[in-house]
Amino acid sequence: MNKMSRSDPSQPVSKNTIANYITYLEKSFFLFQVMYYSRNVKDQMQYPRKIYFTDNGFLKYLSFRPGESRFLENMAAVELKRRGHEFYYWKNLKGEEVDFVIMEKDQVRKLIQVSVDISQPETKEREVRALLKAMKHFGITDGLILTNDSEEVIQDNGVEIAVKPVWKWLLDTSISNEYKVK
0 MNKMSRSDPS
10 QPVSKNTIAN
20 YITYLEKSFF
30 LFQVMYYSRN
40 VKDQMQYPRK
50 IYFTDNGFLK
60 YLSFRPGESR
70 FLENMAAVEL
80 KRRGHEFYYW
90 KNLKGEEVDF
100 VIMEKDQVRK
110 LIQVSVDISQ
120 PETKEREVRA
130 LLKAMKHFGI
140 TDGLILTNDS
150 EEVIQDNGVE
160 IAVKPVWKWL
170 LDTSISNEYK
180 VK
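Counted from 1, the sequence shown has number 138 at position 139 by numbering that gives the first Met the number 0; the numbering is strictly sequential.
Hints listed in this document are in silico derivations from the structure and should not be mistaken for laboratory results. Please note: incorrect hints may appear among the correct ones.
[Unchecked claim] Subject to a maximum C-alpha distance of 20 Å in a straight line, what follows is the list of computed EDC-like cross-link-like pairs (lysine to aspartate or glutamate):
no.: 1; residue 1: K93; residue 2: E121
no.: 2; residue 1: K90; residue 2: D141
no.: 3; residue 1: K167; residue 2: E78
no.: 4; residue 1: K132; residue 2: E159
no.: 5; residue 1: K49; residue 2: E25
no.: 6; residue 1: K80; residue 2: D171
no.: 7; residue 1: K167; residue 2: E150
no.: 8; residue 1: K123; residue 2: D148
no.: 9; residue 1: K109; residue 2: D141
no.: 10; residue 1: K90; residue 2: E124
no.: 11; residue 1: K135; residue 2: D148
no.: 12; residue 1: K90; residue 2: E25
[Said to hold, decoys possible] Derived Cβ-Cβ restraints for the label pairs, each shown as a range:
no.: 13; residue 1: P120; residue 2: L61; range: 17 to 25 Å
no.: 14; residue 1: V40; residue 2: L169; range: 28 to 36 Å
no.: 15; residue 1: N15; residue 2: V158; range: 38 to 46 Å
no.: 16; residue 1: N15; residue 2: D171; range: 38 to 46 Å
no.: 17; residue 1: E159; residue 2: S13; range: 44 to 52 Å
no.: 18; residue 1: E150; residue 2: M102; range: 25 to 33 Å
Note that the structure is predicted; figures quoted are calculated from it, not measured. Just so it is clear, CB atoms sit at the ideal spot from N, CA and C, and this is done for glycine as well.
Whole structure, please, built from the sequences with the hints as guidance.
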């Protein structure tokens, strides 16, 4: 909301007004918000929320942050919501972010990263590094990276990261198989 309230200095809009508009859009099922994950409620409230549109067509039309990666992440968020998951995002002090922290019975159960293409070594290293740090932080031994078309299993010090095309993940409705590469 800070970015939105400062976007056009000639026409200031209060944070309260923006929050009201977002609430209206959320109530009309146009978008939904995802909070930062922390056991501390104060931390959850102070971090910005991520906004996802219920339809990628809205995102394309409004193109706030153009790019295929944003569309893929939005698609994954909509699917997680459709499947009934409680989910958040997570970021460490170095700014390394994991797109989705999935909760089950008040416990972190799954971590999902979304990246269109991890064929470039620096992109793959960045996505894997953030996921490994989150896995260590939460004590999780398997993670998932959703991509356009890459598929592999990455093993690192006793943990496993499945890299899976998002289309396969979307078609796989069994929760237990979300991490498995088939």
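Right, here's what the structure says about each hint:
1. K93 with E121: Status holds; Cα separation ~17 Å.
2. K90 with D141: Within the cut-off at roughly 18 Å; holds.
3. K167 with E78: holds, 12 Å
4. K132 with E159: holds, 13 Å
5. K49 with E25: holds, 12 Å
6. K80 with D171: holds, 15 Å
7. K167 with E150: The hint holds at about 10 Å.
8. K123 with D148: holds, 13 Å
9. K109 with D141: Holds: K109 and D141 sit about 8 Å apart, inside 20 Å.
10. K90 with E124: It holds: about 16 Å lies between the C-alpha atoms, which stays within 20 Å.
11. K135 with D148: Violated, at about 27 Å.
12. K90 with E25: Violated, at roughly 24 Å.
13. P120 with L61: 17 to 25 Å: violated, 33 Å
14. V40 with L169: 28 to 36 Å: Once the Cβ atoms are compared, 33 Å apart, the range 28 to 36 Å for L169 and V40 holds.
15. N15 with V158: 38 to 46 Å: Since the Cβ atoms of N15 and V158 sit about 43 Å apart, the hinted range of 38 to 46 Å holds.
16. N15 with D171: 38 to 46 Å: holds, 42 Å
17. E159 with S13: 44 to 52 Å: holds, 47 Å
18. E150 with M102: 25 to 33 Å: holds, 26 Å
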